[in-house]
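S.K.: Take the given structure of chain A and dock chains B, C, D, E and F to it, following the hints.
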Amino acid sequence: MLFSILIYGSAHNSQSAHTAYRFADSALKAGHKIHRIFFYGESVHTASELSAPPRDEQNIHQLWKELAQAHELDLVVCIAAALKRGVMDKAEAKRHEKGSFNSQAPYELSGLGQLSEAAIISDRLITFGA
Amino acid sequence: MLFSILIYGSAHNSQSAHTAYRFADSALKAGHKIHRIFFYGESVHTASELSAPPRDEQNIHQLWKELAQAHELDLVVCIAAALKRGVMDKAEAKRHEKGSFNSQAPYELSGLGQLSEAAIISDRLITFGA
Amino acid sequence: MTTLHTINKSPSNLALWHSCMAALLPGDTLLIIENGVYAATHTTIAEQLSTLEGINISFLSADVQARGLVVTESNNTSIVDDQQFVNLACQHSKTVSWF
Amino acid sequence: MTTLHTINKSPSNLALWHSCMAALLPGDTLLIIENGVYAATHTTIAEQLSTLEGINISFLSADVQARGLVVTESNNTSIVDDQQFVNLACQHSKTVSWF
Amino acid sequence: MQQKKILLILSRAPYGDAHAKEALDVALTAAAFGLPVSLVLTQDAPALLLKSQQPQQIQQKNLASICSALPMYDIENIYIETLAAQIQQITLDQLVLPAEFVNEAGIALMIRNHDVVLRF
Amino acid sequence: MQQKKILLILSRAPYGDAHAKEALDVALTAAAFGLPVSLVLTQDAPALLLKSQQPQQIQQKNLASICSALPMYDIENIYIETLAAQIQQITLDQLVLPAEFVNEAGIALMIRNHDVVLRF
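Chains as they are written, first to last, in this note's numbering: chain A, 1 to 130; chain B, 1 to 130; chain C, 1 to 99; chain D, 1 to 99; chain E, 1 to 120; chain F, 1 to 120.
So that you can see chain A by itself, here it is in the shape it has in the complex (with noise of 0.2 Å):
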């Protein structure tokens, strides 16, 4: 089964990005396959590598980075969602006249347009809410 992730809930005040990385973990120890990771809304936080959790406590940035090169999973970061809630990758960064960046591979900014290119080749298409 080809599956696509929706993630809307944000990466640091809601547990839905956990949850979706346990469903993708699990999908794929199933054999199944991953088309797409999809991170909009207030998810798109996840993408920053400045994120600093305590070390006891999970830190999502680094759960998703490590599946992707381990599956070579394709992560999808809204481009819009992301700018305006400042994550950026170093070509945004130098577009917009930013001194830093925060994000980069294997998260990549990208338009609304790789969502609807996952629903419809994706079997399976599923959401983790705010």
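Rather than coming from a laboratory, the hints here were simulated on the basis of the structure. Take these hints with a grain of salt, some might be off.
In the DSS-like style, the derived pairs of lysine-lysine whose C-alpha atoms are separated by at most 25 Å in a straight line are [unchecked claim]:
| hint | chain 1 | residue 1 | chain 2 | residue 2 |
| --- | --- | --- | --- | --- |
| 1 | B | K98 | A | K98 |
| 2 | A | K33 | E | K61 |
| 3 | B | K65 | A | K94 |
| 4 | F | K21 | F | K61 |
M.R.: Positioned in the frame of chain A, the structure of chains B, C, D, E and F alone reads:
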């Protein structure tokens, strides 16, 4: 009258940061003083200078910054809430071995004690919720 | 020692609205802001607000306008601007925010 | 063409729970996750869930444990783990998330 | 590839949070992708279509204006949940575009008849 | 300076979002500042005190453990809203610490009698 303001709502997914801004602006125009603005919970993202909203939309980071500079306001961001959400100044970025930072004066990272102190000192503490 | 209460969630959050209305005492003001202003046209909440005795009900003007609603002013119900919001916070000895 | 519905808000969000329960059709599964699992001990919602006919009700195990609740399994009610969550998503042709 | 029909169920009021705006962005993008999109406005969402909205003072974009552009993107299946509109005393003549009422049973059937359902 | 009495009204369930944890952090800090703190748990918040909580699998801190430390910080005025507890079928013997019931009228009086009231 000496006010302090506690902002709890998300900077970019809640109207409350903007309502709080209008309240602060009106209080200052009426001749009141503001002891402190305390950013807690999801509102800490307000302190990120990487925020790049479309030009025809409000820039809440900039609005507070300009109000603070015009009136020497004390903008305090809860450090624990900020660090886990990826909002940090130069000193914290160094301490957490991050390659960049996204917050600086007039926003200032400090502890929750600053909220208790504001509650003690101020005539009124008003919350703008999530 | 009266209180200025603010509420910013739409009345579809009934549990919040019920808790808030139960916490009002004579002399208090309930200032309705942001999505809370949908209370003005909500069938059951609008009626309950009109029966609260000794409580001032205010709607924040900018939010009523933004959402295109009509608020009928009466003895205990008014529309206030941002400056009057500040005055209300001064006139009551504390504020409580329902969200 | 059946649906897997998930719901992640506590039953104190009655408007959400009512919309969700009204959207269930025979053959659908309602998987209750995160703060939704408080439905297990909520007086009115727990009873309404038990009267839904032709609907499978599942609670996500990790969330039930986290919150220290007890779920009574029955004909139409079960506790599932993360792996079974994935299976449910496969068995139904689409998912709808109530939040 | 078979064309998938998308149903968007909106439930939030405008301006208080970003849900309504972000849901409309999804609708417009999906339509631009050539996907057939239906919209259902439930709970607090019918107020999104009120033509009287004037959000200048709170410095937000007028969402009614965005909604009025939906037909230009071939999004013409726009439904309002009957009870939600009644609770907020919203009538069809107050809206920026033509919409139809649908009840809860109708929404259940729409969910079953669409391929992808997104809620906001 | 006169000492101000602080009332914290919690309304959210644990784990779904950060409200409960962040409210407890405020309570502990205010108490460390020497302020008299009272806690009232309303709506979904009484579940915060259930001793049966085991959040290891969802990788969050056990909030019941944090709550059980409240008396060590001299936070001993802990109240549970009666109806909220009844709706969730929560009884006092299930809790990590002693708490008292309070009804809605009692909460209204507590708000009036405290100097600073924060809700979460």
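S.K.: For every hint, state whether the structure bears it out.
M.R.: These are the hints, each one checked on the structure:
| no. | hint | verdict |
| --- | --- | --- |
| 1 | K98/B - K98/A | holds (17 Å) |
| 2 | K33/A - K61/E | violated (39 Å) |
| 3 | K65/B - K94/A | holds (22 Å) |
| 4 | K21/F - K61/F | holds (9 Å) |
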